[in-house]
Structure formats: C-alpha cells, structure tokens
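Novice: Chain by chain, the residues run as shown.
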Amino acid sequence: MFKNYIKIFFRQLFKNKAYSVINIGGLAFGIAAVLFIATYVNFENSYDKDIAASDQLYRINLTSFADGKLMQESSRTSPAIGGIAQNEISGIEEMSRVVILGESIVGHNNNFVRELQIFLTDPNYFKLFDIEVVKGNTSEMDQPLTVMISSSIAKKVFEDKNPVGETLAINSSNFDGSVDFKVAGVFEELPENRHLKPQILISYATLHHFIGKQIDQSYDWLNLYTYVTTGKNTSIEQLNDQFNAVLNKNYGKQLEASGSEWELGLQPVNQIHTSTNYAGEYEAGIDGEKLQYFVWVAIFVLLMIYINSINISNTRAHNRVKEIGVRKVTGGTKKQLFVQFIFESFMINLLAILIAALILTFWAPFLVDWFNLNITPEFFKPTQYLGILVVLWFFGSLISGFYPAMLLTSFAPAKILKGNFNFKLKQSLAKPLLVVQLIFCLVILSGILTTYFQLDFIRNQELGLALEDKLVVRSPMLFVEGSGNYQEQMRNAMTSIEGIKAVAATNEIPGNEIYWRTDEVFVEGKEKGGNVFTYLHVGDGYFDVFDINLLAGKSFNTDLDYGQEAIINEKALQSLGFSEPSEVIGKKLHLNQGAVPVVGVVEDFRQQGVKAEVDPAVLNYSPGDLNYYVLDVEKGKIEELLPVVEATYIKLFTNSPFEYYFLDEHFDKQYKSEKQFAQLFSLAAIIAIIIAVMGIVGVTTQLMLQRTKEVSIRKIMGASFQDILLIISKEYVWWFTICFAVGIPVAYLLFTNWLKSFIVGIELGWWFYLIPAFIVVFIFVASTLYQSLKTALVNPADTLKDE
Amino acid sequence: MIKLTDIDKTISSKFQKEFILKGINLEIEEGEFVTIMGPSGAGKSTLLNIIGLLDDASAGQYLLGEEDLTSLSDKRKAKMHKEHFGFVFQAYHLIDELTVYENIETPLLYRNVKSSERKSLVAEILDRFGMVAKKDLFPAQLSGGQQQLVGVARAIIGKPSILLADEPTGNLHSAQSKEIMELFQKLNDEGTTIIQVTHSEDNAKYSKRIIELEDGAIVKDYNSQEAQHA
Numbered sequence: 001m002f003k004n005y006i007k008i009f010f011r012q013l014f015k016n017k018a019y020s021v022i023n024i025g026g027l028a029f030g031i032a033a034v035l036f037i038a039t040y041v042n043f044e045n046s047y048d049k050d051i052a053a054s055d056q057l058y059r060i061n062l063t064s065f066a067d068g069k070l071m072q073e074s075s076r077t078s079p080a081i082g083g084i085a086q087n088e089i090s091g092i093e094e095m096s097r098v099v100i101l102g103e104s105i106v107g108h109n110n111n112f113v114r115e116l117q118i119f120l121t122d123p124n125y126f127k128l129f130d131i132e133v134v135k136g137n138t139s140e141m142d143q144p145l146t147v148m149i150s151s152s153i154a155k156k157v158f159e160d161k162n163p164v165g166e167t168l169a170i171n172s173s174n175f176d177g178s179v180d181f182k183v184a185g186v187f188e189e190l191p192e193n194r195h196l197k198p199q200i201l202i203s204y205a206t207l208h209h210f211i212g213k214q215i216d217q218s219y220d221w222l223n224l225y226t227y228v229t230t231g232k233n234t235s236i237e238q239l240n241d242q243f244n245a246v247l248n249k250n251y252g253k254q255l256e257a258s259g260s261e262w263e264l265g266l267q268p269v270n271q272i273h274t275s276t277n278y279a280g281e282y283e284a285g286i287d288g289e290k291l292q293y294f295v296w297v298a299i300f301v302l303l304m305i306y307i308n309s310i311n312i313s314n315t316r317a318h319n320r321v322k323e324i325g326v327r328k329v330t331g332g333t334k335k336q337l338f339v340q341f342i343f344e345s346f347m348i349n350l351l352a353i354l355i356a357a358l359i360l361t362f363w364a365p366f367l368v369d370w371f372n373l374n375i376t377p378e379f380f381k382p383t384q385y386l387g388i389l390v391v392l393w394f395f396g397s398l399i400s401g402f403y404p405a406m407l408l409t410s411f412a413p414a415k416i417l418k419g420n421f422n423f424k425l426k427q428s429l430a431k432p433l434l435v436v437q438l439i440f441c442l443v444i445l446s447g448i449l450t451t452y453f454q455l456d457f458i459r460n461q462e463l464g465l466a467l468e469d470k471l472v473v474r475s476p477m478l479f480v481e482g483s484g485n486y487q488e489q490m491r492n493a494m495t496s497i498e499g500i501k502a503v504a505a506t507n508e509i510p511g512n513e514i515y516w517r518t519d520e521v522f523v524e525g526k527e528k529g530g531n532v533f534t535y536l537h538v539g540d541g542y543f544d545v546f547d548i549n550l551l552a553g554k555s556f557n558t559d560l561d562y563g564q565e566a567i568i569n570e571k572a573l574q575s576l577g578f579s580e581p582s583e584v585i586g587k588k589l590h591l592n593q594g595a596v597p598v599v600g601v602v603e604d605f606r607q608q609g610v611k612a613e614v615d616p617a618v619l620n621y622s623p624g625d626l627n628y629y630v631l632d633v634e635k636g637k638i639e640e641l642l643p644v645v646e647a648t649y650i651k652l653f654t655n656s657p658f659e660y661y662f663l664d665e666h667f668d669k670q671y672k673s674e675k676q677f678a679q680l681f682s683l684a685a686i687i688a689i690i691i692a693v694m695g696i697v698g699v700t701t702q703l704m705l706q707r708t709k710e711v712s713i714r715k716i717m718g719a720s721f722q723d724i725l726l727i728i729s730k731e732y733v734w735w736f737t738i739c740f741a742v743g744i745p746v747a748y749l750l751f752t753n754w755l756k757s758f759i760v761g762i763e764l765g766w767w768f769y770l771i772p773a774f775i776v777v778f779i780f781v782a783s784t785l786y787q788s789l790k791t792a793l794v795n796p797a798d799t800l801k802d803e
Numbered sequence: 001m002i003k004l005t006d007i008d009k010t011i012s013s014k015f016q017k018e019f020i021l022k023g024i025n026l027e028i029e030e031g032e033f034v035t036i037m038g039p040s041g042a043g044k045s046t047l048l049n050i051i052g053l054l055d056d057a058s059a060g061q062y063l064l065g066e067e068d069l070t071s072l073s074d075k076r077k078a079k080m081h082k083e084h085f086g087f088v089f090q091a092y093h094l095i096d097e098l099t100v101y102e103n104i105e106t107p108l109l110y111r112n113v114k115s116s117e118r119k120s121l122v123a124e125i126l127d128r129f130g131m132v133a134k135k136d137l138f139p140a141q142l143s144g145g146q147q148q149l150v151g152v153a154r155a156i157i158g159k160p161s162i163l164l165a166d167e168p169t170g171n172l173h174s175a176q177s178k179e180i181m182e183l184f185q186k187l188n189d190e191g192t193t194i195i196q197v198t199h200s201e202d203n204a205k206y207s208k209r210i211i212e213l214e215d216g217a218i219v220k221d222y223n224s225q226e227a228q229h230a
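From first to last, the protein sequence lines stand for chains A and B.
Per full-length UniProt numbering, the first sequence runs over residues 1 to 803.
Per full-length UniProt numbering, the second sequence runs over residues 1 to 230.
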C-alpha cells in the first residue's frame with residue numbers, strides 16, 4: 001500500500017510543479033532559517049557548558065549599596081574574597097582568582113605580537129576550567145614571572161621551537177614597561193564559547209612579586225574575578241549566607257563606616273554569557289531575554305510556514321477530490337485515506353528538511369560571516385541539529401498535514417463521483433489562515449521597524465563626546481628602552497600634516513572599557529563614598545579633541561609631569577560628596593598613588609555609549625607613551641589623509657606595524673549584539689514575509705478562480721469593471737480590519753516589552769503601526785493585483801461556456 | 001437479496017422537507033440485471049447511491065440478504081464496499097496519477113491481497129479486456145471507451161456480487177456503448193448482479209428488468225424482454 005502512496009505522492013509532486021516548489025521551498029527556507037536561529041541560540045547558550053564540572057563552577061559577584069541604595073552589581077571582587085572562599089566557607093572545594101592584565105605586546109627574540117587576552121591566575125584555574133596542557137605542566141604556575149601560553153601564541157611567537165623553558169617578554173602599561181617571563185607550558189586553544197578565552201596566563205604569584213603579598217588581604221582592590229567549585233548538591237543559598245556572614249565579620253565595620261553595604265552571591269559560570277546585569281565583565285555577553293525573543297521569532301517563522309503549507313494543501317484539494325471518491329468506493333476507509341495524506345505530509349516535510357539542511361550547510365558560513373557571529377563551524381554539523389530536525393519533521397508533518405487530511409477525507413464520495421461536487425476554498429480554513437498570515441506580517445514588520453529605530457536611537461544618543469572624523473593610531477609596538485617620548489614625536493609629526501587639527505593621546509579610546517578601577521578615591525575632609533572610579537591617563541588636548549565640556553576649573557598644566565593633577569566628571573563630583581563643580585576645584589583628591597589637586601570638572605561623557613551607565617571618572621595627565629593616539633581630522637578628509645598618516649608613522653617607527661581605526665566605526669562595534677539582533681531578526685522576518693506572500697498569492701489565486709463564474713454572471717447582469725473590483729475588494733477590507741484589530745495590540749505588547757530591556761528606549765508612536773499596516777496592504781494588493789484584474793476583466797462568454 | 005422497504009430520502013431546508021425518494025419498496029434477486037430509468041430529477045442516482053451505500057436513506061429499511069444495512073458506520077460501509085459492491089461511473093473516475101495497471105489494482109490494495117496474487121488477478125483481467133498493451137498508460141492517454149473499460153475492470157476485480165453503474169455509457173459513442181453493454185451482459189451471465197441507471201433505451205434492452213421512477217416513486221417495474229415481445 002505504501003508503494004502506492006509513494007507513487008501517487010511523487011506523481012502529484014511533479015504534476016503540480018509550481019505548487020510543489022512553493023510548498024517545499026517555503027518549508028525548506030523557513031526550516032533553514034529556524035535551524036540557523038536555533039544554532040545561534042544554542043551556541044550562545046553553550047558558553048562554558050563544555051567544562052566537566054560546569055554545574056559546580058561558580059563566580060562570586062558583588063552587589064554594593066550606598067546608604068541603602070543599590071549602586072552596582074559587579075562581576076569583580078577583591079582578593080580577600082577569594083581568601084574567604086578558600087579558608088572560611090564549608091562547601092567550597094576549589095578557588096581561583098583571575099586578574100585582567102589588559103592589552104600588551106608579547107614576544108621572543110624580536111618576534112612580537114599584540115595580545116588582548118592576558119590574565120594573571122593560579123594553577124587551580126586549569127583544573128576549574130578544564131584546560132588541557134599539551135606541553136610542560138602547571139606545577140611552576142605558583143612561581144612569580146611564570147606564564148603558560150596557548151598553542152596559537154606558541155606558534156605565533158615561538159614558531160616551531162618548543163617554548164617550554166624559554167623566555168617570553170610582556171610589555172604592558174601595568175608593568176610600566178617590558179618584563180621577562182619563563183614559559184612553563186602550552187595549553188590547548190580554548191573554544192570560542194568560553195566567557196574568558198585566555199591566550200596567555202601569567203602566574204598569580206607575579207602579582208605578589210609586583211605589589212606584595214598583602215594584596216591578598218585587600219577588600220577594596222575590586223579588580224579580579226573569583227571562581228569557586230562547590231561540592232555536589234551544595235545549597236547555593238546557604239553558601240551565599242555563609243559568605244555574607246564572614247564578610248560582615250571581617251569587613252563589616254569598615255563598610256559601615258563608609259555607609260556602604262556589600263552582598264556576595266554565587267553565579268553559575270555557565271550563565272555568565274547570557275546575563276548582562278553585572279558590570280566589569282571582560283566580554284559583553286548577550287541578554288538571555290533577547291535570546292528568548294529569537295525563540296519567539298523561530299516559532300513565528302514555523303507557524304508561518306506551516307500555515308502556508310496548510311493553505312497550499314487546501315488550494316490543491318480540488319485536485320484530489322476524485323481520487324478520494326474512488327478510493328472510498330473501492331473500499332478505502334477514512335482512516336486509510338487519512339494515513340495516506342498524513343504520509344504525504346511526512347514526505348513533503350522530509351524533503352523540506354533535507355533541503356533545509358543543505359541550505360544551512362552551504363549558507364551558514366556565509367551568514368556567520370555576514371552577521372559577524374562567533375559561532376564555530378562544528379555547531380553547524382548536521383549531528384548538532386539532528387534532534388531539532390527529527391522533532392520538526394514529526395510535529396511539522398502533523399501540523400501541516402492534519403487539517404488538510406481531515407478536510408480531504410471528509411468529502412462524501414456520492415457527491416464527488418456524481419460529478420456535481422465543487423470544492424469551494426471558502427469552506428475551508430483558507431481565509432482565516434490567510435488573515436492570520438496578514439497579522440503575522442504586520443507584527444513582524446512592526447518588529448523590524450522597532451529594532452532598527454531602537455538601534456539607530458542608541459547609536460545616536462548624546463554621548464558628550466565627538467567621535468566623527470577621528471583617526472585612531474595605535475602606539476608603536478617597540479621595546480627600545482629610552483627611545484624617547486612617542487607622544488611628543490607623534491604629536492609633532494602628525495600635526496604637521498595639513499588637514500590634521502590636533503592629536504590627543506589616551507590609554508583607552510571611547511568604546512573600550514577602562515579596566516583601571518579603584519574605590520580608593522576621596523577628598524580630604526569628606527568620607528569615602530564606596531563607589532568604584534575609573535582611572536584614565538590622557539595626554540595634552542584630550543578634552544578639546546573629543547569636545548568634552550569643561551564645567552569648572554581648567555585643563556591640565558602640561559608643564560607638569562605625570563599624574564600631578566586630576567580632572568573629574570560630574571558623576572565623580574557627586575560620588576565625592578559635592579553638588580557644585582566649583583566647590584571641588586583646588587581640593588586634594590586622594591588616589592592610590594597619593595593626593596593631587598582637582599583642577600577641573602568636565603561634563604559626563606559616555607565612554608561605552610548607552611550600554612553602560614557612566615562611571616565616576618578620574619583623569620590624569622600623562623606626557624609619556626600612551627596606548628592610542630587620536631588624530632582630529634578636518635571634516636571628510638580622513639580617507640584622503642590615511643596614506644599620508646601611514647607614511648609619516650612608518651618613517652617615525654620603521655619596525656612597528658601601522659595599526660589604525662576609524663573611531664566612529666570602532667565605537668559602533670560595541671553595539672554588535674544589538675546589530676546582530678536586528679539583522680538576524682530581519683532575516684527571519686523577511687523569510688517569513690516572503691513565505692507569507694507566496695501563500696497569499698496561492699490562496700487568492702485559487703479564490704479568484706473560484707469566483708470567475710460569479711463575476712461572469714454579474715457582468716452579464718450589467719456590472720461594470722469598477723463594480724466588480726469593488727465586489728472583489730470588499731472582502732479584503734474585512735480581512736484588513738481583523739488584521740489591524742488583532743495585529744496592532746499584539747505588536748504593541750511584544751515590542752514595548754522588548755524595549756524595556758534597554759537603558760534608553762524609543763517611544764513607540766502611532767506610525768510604528770501605521771507604516772507596517774500600510775506595507776501589509778501594499779504587499780497584499782501587489783501580490784493579488786494580477787489575479788484580481790484578470791478575474792475582473794474576464795470575458796463571460798469564455799467562462800460560462802465551460803461550466 | 002436486496003430488499004428496500006419504505007425507503008424515503010429527503011433534504012430538509014429551514015422551512016420545508018423535500019422528498020427525493022418517497023416510499024420505495026423494491027426487491028432485487030441475486031443475478032438480476034436491472035435498469036433504473038426515469039426523467040432527470042426522478043431520484044435514479046439517489047436510489048443507486050443508497051443501494052451502493054454512498055448515501056443514507058432518511059427513512060425505511062435496507063436489507064442485503066439477512067444483513068440490515070440501514071445505518072452503518074463508515075468503517076462498516078468501507079467493508080461492504082470491499083466485499084459486495086463494484087462501481088462504474090459515467091465520468092469513469094480513474095485516478096489520473098495512476099497507470100491503467102495501478103488503477104485496476106487499487107481495490108485489491110484495500111483488500112490486502114498479496115502482491116503475487118494481485119499481479120495475476122490484474123494480468124488476467126487486462127488480458128480478458130484486451131488491454132495488456134495499455135497497462136502502463138495513464139488515463140489521459142486513453143480514449144473514453146478504453147477509460148470506461150478500465151473503470152469496469154477496476155469495479156469487478158474485487159469480484160463484487162453487485163455491480164452498480166450510473167450512466168456507464170453517458171460519455172461514450174454508440175460503438176463503445178455497445179462494447180460496455182455486452183461486457184455487462186457477459187458478467188451478468190456469469191452471475192454478477194447488475195443495477196444500472198441509464199437514459200438510453202438501447203442500453204436498457206440488455207437488462208432483464210426495468211424500473212421506472214418519477215418524482216421519487218416507482219411508477220413501473222417490468223420485465224424488459226417480455227415487454228419487448230409484447
């Protein structure tokens with residue numbers, strides 16, 4: 001019997017090629033889009049889950065309050081917290097601390113590379129994070145000036161040489177120059193889906209070497225990540241209680257004195273990437289809630305394709321009517337026929353998922369590239385999504401096959417075979433489903449509009465910083481001791497180029513996080529606010545180049561040496577306990593290195609855009625070498641001047657590669673996840689809309705064909721072309737009314753909720769719905785126009801003769 | 001064998017009940033060849049459909065042998081179709097996507113006949129109808145008469161005891177009609193009960209009994225051969 005079903009299936013398939021292509025193609029593209037989204041969501045959710053004891057691995061986070069008010073939830077803690085974890089809490093098995101060193105130049109024998117992912121940590125880190133050592137071992141990692149490097153760094157720096165026992169030079173502003181380290185071993189490259197992907201791990205003992213062992217007793221050096229493993233089935237709540245009790249016992253008094261309150265809490269490491277609540281993360285994660293939206297988008301696309309498939313089956317129903325009648329009178333039961341049509345649905349869905357898998361295999365690398373995603377190719381191996389495919393095949397076949405099978409098997413054979421059976425599509429669910437598709441289109445279009453306007457809005461927020469026409473040049477990668485002052489050389493050389501207005505040096509450019517943070521900032525006579533301040537070295541002309549407004553005081557005295565004066569922002573002003581900018585001018589500001597006068601107060605500027613709150617900031621003047629040189633270029637001349645700048649740089653620093661960015665583009669990179677969201681959403685949305693359009697064309701064509709006779713008769717009765725168009729479009733007006741009545745509230749609820757996840761969000765005005773509504777009408781009219789006109793222009797003589 | 005007692009068929013609309021068949025009492029013995037005739041709208045096809053279980057009577061009783069077929073479930077109906085009835089239609093109603101061979105084979109599939117047996121049964125009937133050479137053609141590639149031959153072959157392959165034919169030659173020209181009617185006669189001679197609905201006096205002559213319907217009621221029921229002789 002199944003042989004017979006298969007034969008019929010394939011012959012039907014080839015007989016109605018256009019419909020088969022629309023049906024299977026729609027399903028395949030939809031499923032491919034859903035698989036892509038699923039892979040993306042799966043990848044984002046997979047972070048740190050490959051670690052063997054992933055479910056026992058936690059990071060200690062710190063929530064701080066000042067005068068009972070929530071100040072910050074931070075991923076960073078101080079070294080003493082690690083000490084508590086290790087010695088005073090029962091239920092903690094292992095502990096590891098990680099300090100970010102930040103970008104440095106590393107090398108061996110004049111072979112230098114710039115590397116970002118450098119951290120200081122203890123030997124425990126390798127165990128906790130399941131890192132495989134391929135050469136050497138971790139036993140020396142308790143010694144100062146020891147490093148372990150990744151296999152890719154080993155290859156880049158040491159090429160074919162065995163690095164174990166060799167020297168690696170690391171030049172970092174945190175070391176105030178270059179320091180030699182002994183390579184203890186090489187570890188396997190970490191997968192992309194880890195929240196930290198160290199390339200170089202320096203021994204934690206190196207920290208002791210530089211700033212002394214007493215740092216481990218510090219509670220306010222809030223600069224490191226503390227990780228712990230717990231015993232199996234340990235209650236996290238009880239651990240949190242223990243931590244806070246010990247913290248209170250050890251450090252409660254000091255906190256109370258400064259009016260602060262701290263709360264420690266364990267966060268599963270495998271949830272770090274999908275939570276965005278914590279400040280001080282090394283790498284921006286992705287909002288787990290936003291991932292949820294993708295799940296909804298996927299469900300949307302699936303519903304769309306299955307509705308489409310149902311509708312196409314419905315429109316083809318009249319083709320199967322005779323067969324059903326014959327099968328029934330030759331002894332086929334309703335059940336057997338039902339099985340036959342469900343079987344066909346399984347076949348169609350099988351073909352669709354096979355094509356979808358092919359589409360994904362060929363397109364995934366392109367899409368990953370296009371959307372600038374991190375997903376590694378192994379996530380696109382068919383074995384990764386085989387489970388989803390089977391589930392989609394099974395449920396998709398039932399969803400898209402059930403209703404048509406019920407409809408088809410319900411036909412009475414007597415009527416069919418007598419020849420007077422005329423299956424009318426309007427008797428099926430075709431019209432309600434069509435309206436559902438229109439509603440989906442409306443909601444999806446509002447979604448695209450909302451995401452793009454929101455993205456545009458956050459990118460164009462008032463930052464308090466000028467980013468346009470700025471060319472950023474990296475500091476030279478040279479290790480020559482006493483080679484002079486690069487800042488001065490750069491300024492002199494670059495400002496002599498016509499079209500370059502000024503040069504400002506800085507250790508961090510806008511768009512980058514400032515890693516140097518401290519809460520050891522206070523003004524004499526005032527209490528420490530307990531807030532964490534960022535601390536940044538800048539060169540002469542920084543405020544002018546970035547157009548940052550000075551509210552009180554003056555800029556730095558450039559005759560002075562490094563770090564003799566401080567300029568603060570408004571946030572810092574408040575944190576220090578002042579309300580008027582002028583009040584703080586001349587006051588001594590106590591910093592880690594001593595007390596310096598505050599000479600100016602600047603307006604708050606958004607170093608990291610609208611994604612992060614503005615931190616209290618202290619800026620110091622530095623005439624020496626800094627990480628970046630920002631060239632203020634005359635409007636529109638940046639591309640033209642780039643080769644001149646490059647030539648000038650090469651002449652100055654012959655052995656150092658010329659590295660540059662356009663500042664506005666660089667700054668924009670921090671909106672990567674928002675951009676990806678908008679792009680991925682649009683891709684899925686466009687596929688859904690294309691599928692819907694195919695469905696609309698299919699159904700309306702059939703509906704129109706079925707009205708040909710009616711139209712012909714009306715024409716004979718004297719109806720004009722306009723009358724006929726009116727009659728045809730009267731029904732559409734109803735569809736649109738329902739579509740708007742349902743779609744607009746749904747879109748409103750969905751997207752106002754989505755916008756709540758942003759620090760700043762747009763207001764959804766009436767036109768957010770009006771434009772999509774207009775587009776829906778336009779899409780519909782455009783896709784039905786041909787058939788409507790054809791029906792309205794029909795010649796009654798031709799059609800009525802056929803009847 | 002077939003016994004209809006007080007069969008009514010009505011369609012009710014909101015305000016009234018319209019009779020399509022009214023008070024039909026009819027007995028048809030095994031092996032009879034019966035023609036139902038009458039003007040359009042007389043209820044001929046409805047009567048045939050009720051006999052073939054394609055339609056339900058609104059009132060009355062339908063016995064086939066000892067079995068009461070008055071109201072059956074779909075499943076029982078499908079079983080009766082398999083065991084007792086063969087249908088031939090005016091519009092042939094072959095499945096367009098299946099070949100001649102596969103069309104004829106369809107009823108056997110629903111009867112769970114083994115593959116080897118199916119092959120020999122279909123081969124036998126193709127041979128008998130002289131259609132062996134056409135077995136791999138699709139309906140659209142055949143003439144009307146050939147299509148109807150396939151229709152008949154399909155109707156009788158399951159060896160039904162009753163063959164029901166609704167205007168079997170309505171779409172055929174006279175030579176083709178004659179061929180089909182001669183085939184019917186032969187099947188009847190072999191023992192198959194045949195009930196046909198037709199407008200054609202010529203076709204009616206092949207049957208032994210004619211039942212004339214008018215406005216849903218039997219107005220005449222007579223032996224066609226005797227009538228011819230009279």
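Derived by calculation from the structure, the hints in this document are not laboratory data.
Among these hints, one or two may not hold up.
To be verified - The calculated label-pair distances, taken between Cβ atoms and stated as ranges, are:
1. 795(A) <-> 18(B): 35 to 45 Å
2. 74(B) <-> 735(A): 29 to 39 Å
3. 19(B) <-> 354(A): 49 to 59 Å
4. 74(B) <-> 14(A): 29 to 39 Å
5. 185(B) <-> 729(A): 56 to 66 Å
6. 729(A) <-> 18(B): 33 to 43 Å
7. 10(A) <-> 174(B): 54 to 64 Å
8. 789(A) <-> 185(B): 29 to 39 Å
9. 49(A) <-> 111(B): 32 to 42 Å
Said to hold, decoys possible - Not close to chain A: a few residues of chain B, all C-beta gaps over 12 Å, as computed:
10. 95
11. 103
12. 111
13. 144
14. 167
15. 201
To be verified - Straight line, CA to CA, 30 Å or less: simulated DSS-like cross-link-like pairs of lysine-lysine:
16. 334(A) <-> 208(B)
17. 82(B) <-> 253(A)
18. 334(A) <-> 79(B)
19. 159(B) <-> 334(A)
Quick reminder that beta carbons are idealized off the backbone N, C-alpha and C, glycines included.
Novice: State for each hint whether it applies.
Specialist: Hint by hint, here is what the structure shows:
1. 795(A) <-> 18(B): 35 to 45 Å: Given about 36 Å between the Cβ atoms, the range holds.
2. 74(B) <-> 735(A): 29 to 39 Å: Holds, since residue 74(B) and residue 735(A) (Cβ atoms, about 36 Å apart) stay within the stated range.
3. 19(B) <-> 354(A): 49 to 59 Å: Given about 57 Å between the Cβ atoms, the range holds.
4. 74(B) <-> 14(A): 29 to 39 Å: 32 Å, holds
5. 185(B) <-> 729(A): 56 to 66 Å: Taking Cβ atoms as reference, residue 185(B) and residue 729(A) lie about 59 Å apart, which means the hint holds.
6. 729(A) <-> 18(B): 33 to 43 Å: 37 Å, holds
7. 10(A) <-> 174(B): 54 to 64 Å: Distance hint for residue 10(A), residue 174(B) is violated at roughly 39 Å.
8. 789(A) <-> 185(B): 29 to 39 Å: Roughly 56 Å apart at Cβ, these two residues miss the hinted range, so it is violated.
9. 49(A) <-> 111(B): 32 to 42 Å: 56 Å, violated
10. 95: Contrary to the label, residue 95(B) does not stay out of reach of chain A, its closest Cβ about 5 Å off (not over 12 Å).
11. 103: 8 Å, violated
12. 111: 6 Å, violated
13. 144: It holds; residue 144(B) is separated from chain A by about 14 Å at its closest Cβ, greater than 12 Å.
14. 167: Label violated. Min Cβ-Cβ 10 Å, cutoff 12 Å.
15. 201: The claim holds: residue 201(B) sits with its nearest Cβ about 23 Å from chain A, beyond 12 Å.
16. 334(A) <-> 208(B): Not satisfied, since the Cα-Cα distance of roughly 36 Å exceeds 30 Å.
17. 82(B) <-> 253(A): Violated, at roughly 93 Å.
18. 334(A) <-> 79(B): 11 Å, holds
19. 159(B) <-> 334(A): Measuring from Cα to Cα gives roughly 22 Å; hence the hint holds.
Going through the hint list in order, the structure does not satisfy hints 7, 8, 9, 10, 11, 12, 14, 16, 17.
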